[in-house]
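Colleague: Listed here are the chains, written in short residue letters.
Protein chains: 6
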Amino acid sequence: MEQKIYFEQYEINNLRTTYGRTISEADIVFHAGHTGDFFPHHMDEVFCAQQDFKKRIAHGTMTFSIGIGLTATLLNPVAMTYGYDKLRFPCPVFIGDTIHTEVEIMSKRVHDKRPGYGFVVEACRVINQDKKVVLYCEHILLVEIEEMNNDTI
Amino acid sequence: MEQKIYFEQYEINNLRTTYGRTISEADIVFHAGHTGDFFPHHMDEVFCAQQDFKKRIAHGTMTFSIGIGLTATLLNPVAMTYGYDKLRFPCPVFIGDTIHTEVEIMSKRVHDKRPGYGFVVEACRVINQDKKVVLYCEHILLVEIEEMNNDTI
Amino acid sequence: MEQKIYFEQYEINNLRTTYGRTISEADIVFHAGHTGDFFPHHMDEVFCAQQDFKKRIAHGTMTFSIGIGLTATLLNPVAMTYGYDKLRFPCPVFIGDTIHTEVEIMSKRVHDKRPGYGFVVEACRVINQDKKVVLYCEHILLVEIEEMNNDTI
Amino acid sequence: MEQKIYFEQYEINNLRTTYGRTISEADIVFHAGHTGDFFPHHMDEVFCAQQDFKKRIAHGTMTFSIGIGLTATLLNPVAMTYGYDKLRFPCPVFIGDTIHTEVEIMSKRVHDKRPGYGFVVEACRVINQDKKVVLYCEHILLVEIEEMNNDTI
Amino acid sequence: MEQKIYFEQYEINNLRTTYGRTISEADIVFHAGHTGDFFPHHMDEVFCAQQDFKKRIAHGTMTFSIGIGLTATLLNPVAMTYGYDKLRFPCPVFIGDTIHTEVEIMSKRVHDKRPGYGFVVEACRVINQDKKVVLYCEHILLVEIEEMNNDTI
Amino acid sequence: MEQKIYFEQYEINNLRTTYGRTISEADIVFHAGHTGDFFPHHMDEVFCAQQDFKKRIAHGTMTFSIGIGLTATLLNPVAMTYGYDKLRFPCPVFIGDTIHTEVEIMSKRVHDKRPGYGFVVEACRVINQDKKVVLYCEHILLVEIEEMNNDTI
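If you read the sequences in order, they're chains A, B, C, D, E and F.
Residue 101 in numbering that gives the first Met the number 0 is what sits at position 102 of the first sequence, and the numbering runs on without skipping anything.
Residue 33 in numbering that gives the first Met the number 0 is what sits at position 34 of the second sequence, and the numbering runs on without skipping anything.
Residue 23 in numbering that gives the first Met the number 0 is what sits at position 24 of the third sequence, and the numbering runs on without skipping anything.
Residue 93 in numbering that gives the first Met the number 0 is what sits at position 94 of the fourth sequence, and the numbering runs on without skipping anything.
Residue 8 in numbering that gives the first Met the number 0 is what sits at position 9 of the fifth sequence, and the numbering runs on without skipping anything.
Residue 104 in numbering that gives the first Met the number 0 is what sits at position 105 of the sixth sequence, and the numbering runs on without skipping anything.
These aren't lab readings, by the way, just hints derived from the structure by calculation.
Since this is a predicted model, take the numbers as computed values, not measurements.
Warning: the hint list may mix true and false statements.
Which copy is meant is left open, so a pair is good if it fits within one copy or across any two.
As the list claims (entries may be wrong) - Under the rule of at most 25 Å between Cα atoms (straight-line distance), these lysine-lysine pairs were calculated in the PhoX-like manner:
| # | residue 1 | residue 2 |
| --- | --- | --- |
| 1 | K54 | K112 |
| 2 | K107 | K85 |
| 3 | K130 | K107 |
| 4 | K53 | K3 |
| 5 | K53 | K107 |
| 6 | K3 | K131 |
| 7 | K3 | K107 |
| 8 | K112 | K3 |
| 9 | K131 | K54 |
| 10 | K112 | K131 |
With the sequences and hints as input, model every part of the structure.
Modeller: Structural data, given as structure tokens:
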């Protein structure tokens, strides 16, 4: 699934929504194993029973990785990830929660120093089954400007 | 390994360095499988041979997850992650690269609205075997202020 | 565990039964990650609650892979898999189901064009804890004919 | 990524091609672990060095699972998998091979006994970097007929 | 986290306790897949319901691997594992149990034949949420003697 | 594959040999992730290049888990694992090594305190492609004595 979407074609406020995914205990075990973060907030039910949330919580890096992963359905060959800003975790994710991601085009601007490219900023909100935002971030894309790139080709 | 480190005790410019970790093809296969991002930049050698980098590159979310995971060796029960800012990927990570993370205390300030807490910002640099920074981000911690919390206890 | 079983020694209607295996949520998370199929029928409890089965269902390719994997206990060095026919999924597999596989020798015939070899067809039935067949297929083996191969040795 | 495609809309000879995926040693280790099939043809380099192919080969069930998984990019809510026929493995898959899948609409017919449904048969060919077919199968879909289903709604 | 601890510095009866970890069904599925041990005591709920423990039990090798893994938080560059003695499994580990490990310095003695080295024996007890010991073993470390090694440097 | 083998039937010096298995980088990544032991001896090629062995080495707990796992092909319902003694690691295991396990019946004796049971000790040697023993241990089985158990049934 591939589609060229140039800088000009990104429309502010355009919103897309991904499929959902239920977060399992296996996901937490995986992510601990993949990252090496075995802190008891994620891995120890007895410890967690005495904490504020009473239950094990997902790693923030996992909510980010899966939340962003859910958006990886359409490959745009004229865009690449530049970075992420304002990554926040307003609510915890628990085992059994079902999350999906909303991506909204937030702003765009021409790149000052790199001719033919512009920045597009997407607001990403990972949302659980109770419609609570569990992760927010701003995904910055570096995108080709069609007019300027077509001149060179 | 647990140690209480209060807001007062974080020292600007303090630097710590993690162990290293060699990124394997298995890590990329794992991360694709964990996130569902099977884009050919990560998974398809034939495709990658025709791209700029010539080789498969690690997912940005993986470099972030592993890079931050490497720092999870000492649990500070009076601090929690508030978020991350300015997450950037200056260089790609390839299979066989060995990365480690440097964490430097960058700034701190008392929380305006939440008495007894302050923000500590750590600059995190994930660095490869050639001393190139492959990931940069600013990790924002919310940390208890010892003086104010000890009063209440 | 290795045993040479030649074409002549396969007996029609001979039946063997494997051990059982309980299908876990982890298995579904694994298989999604291994294949890249994250369709909500497998991964999203909220979506599934509104579908006919009300629950997440296992991937067909997973029931096949595990069902056939259960039979891989005895290596026959004079046989190889030629293919599978009539692969069907009469009932869904849910998290928590326990499946085993029955393998019944169904038919055999000498290979027309390849001297010294014959086809043996095994009917494979993957069966759940309620004795329902959840997968049916016909496994076609290419097997050495002892008489003809012993002549050459 | 969801799109309703009714029986009427499937066009014979329509062909689609998936992204590619490089098969890693990790994939074979995963699949052995997921299915329990640790036969030496997949797991033991020393054994394989003395066999015809000289190298470890992928499990047939893995080539099937990944090959079909590659096609799971567009969800059609009015179709479901009925089964697979003529699953064959014309060539082995080795570690380092890059495979993709071609799906061609082969035939369709109205279901005799289930009004409002038809069968669509897709020929699936998993193809390696040398353009050799490593897996062939016929995927049978059960698809709603738009005309008849729209009448009832 | 690295600290040189020489033979002289190990104190008999010194005790350290690790964080806890809740054992999940995913862990058992992992370990079966990693080791190839799919015996029904670990994998088949229907079978287990008719056995003494009524429930699936963790592999002994898993309890050992995780129990010892929990202790791997502080790297001592002047010590290495020599072996393990008296590995026993006094109680089973079930899905949902939370285990941690206690390590107690039990004995030490100078190595007869290898000048500059001594043996330190740690009693390792893996303990569940009900304070029952589920695994016991004696971990034998080969440790540098500071005095003798400093002489040579 | 199940077979009742009673205490009386274990013959001293009886030897069985398992299939082999090539240890991959993926196995080491898995085992680190499963146990939480990310020490640089296993995970960091740059670190290892400066150590004695020059290469990453497998975790001892992994060699044990896989080495014992290779023997899990025949289930004996009248025997259970009592423990392991003298677990030693005479040689390291590197990525790419192919290991198999030899199991030799070493000794047996009637249980003093538990009528109807005896101990059988198996010497387990995990051996690499160069015929070097990489792991040795003595596996103690608790086995039913046929004569005494048949009396009660």
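Colleague: Against each hint, give a clear statement of whether it holds in the structure.
Modeller: Results of checking the hints against the structure:
1. Taking the shortest alpha-carbon separations for K54 and K112, neither the intra-copy value of 48 Å nor the inter-copy value of 27 Å comes in at or below 25 Å.
2. When the C-alpha separation of K107 and K85 is checked against a cutoff of 25 Å, the pair qualifies both within a copy, at 17 Å, and between copies, at 17 Å.
3. Proximity of K130 and K107 under a CA criterion of 25 Å is satisfied in neither setting, with 27 Å inside one chain copy and 33 Å between copies.
4. Only between protomers do K53 and K3 lie at most 25 Å apart by alpha-carbon distance; the minimum there is 21 Å, versus 46 Å within a single protomer.
5. Taking identical chains as interchangeable, the C-alpha atoms of K53 and K107 are never at most 25 Å apart, the minima being 42 Å within one chain and 30 Å between chains.
6. In the homo-oligomer, the alpha carbons of K3 and K131 never lie at most 25 Å apart, since the shortest distance is 32 Å inside one protomer and 30 Å across protomers.
7. Taking CA atoms no more than 25 Å apart as the test, K3 paired with K107 passes inside one copy only; the shortest distance there is 17 Å, against 33 Å between copies.
8. Proximity of K112 and K3 under a CA criterion of 25 Å is satisfied intra-copy only: 23 Å inside one chain copy versus 44 Å between copies.
9. Both within a single protomer and between protomers do K131 and K54 lie at most 25 Å apart by alpha-carbon distance, with minima of 18 Å and 23 Å respectively.
10. Taking the closest pair of Cα atoms, K112 and K131 come within 25 Å of each other only across two copies (23 Å); inside a single copy the shortest separation is 39 Å, beyond that limit.
Against the hints set out earlier in the document, violations occur for numbers 1, 3, 5 and 6.
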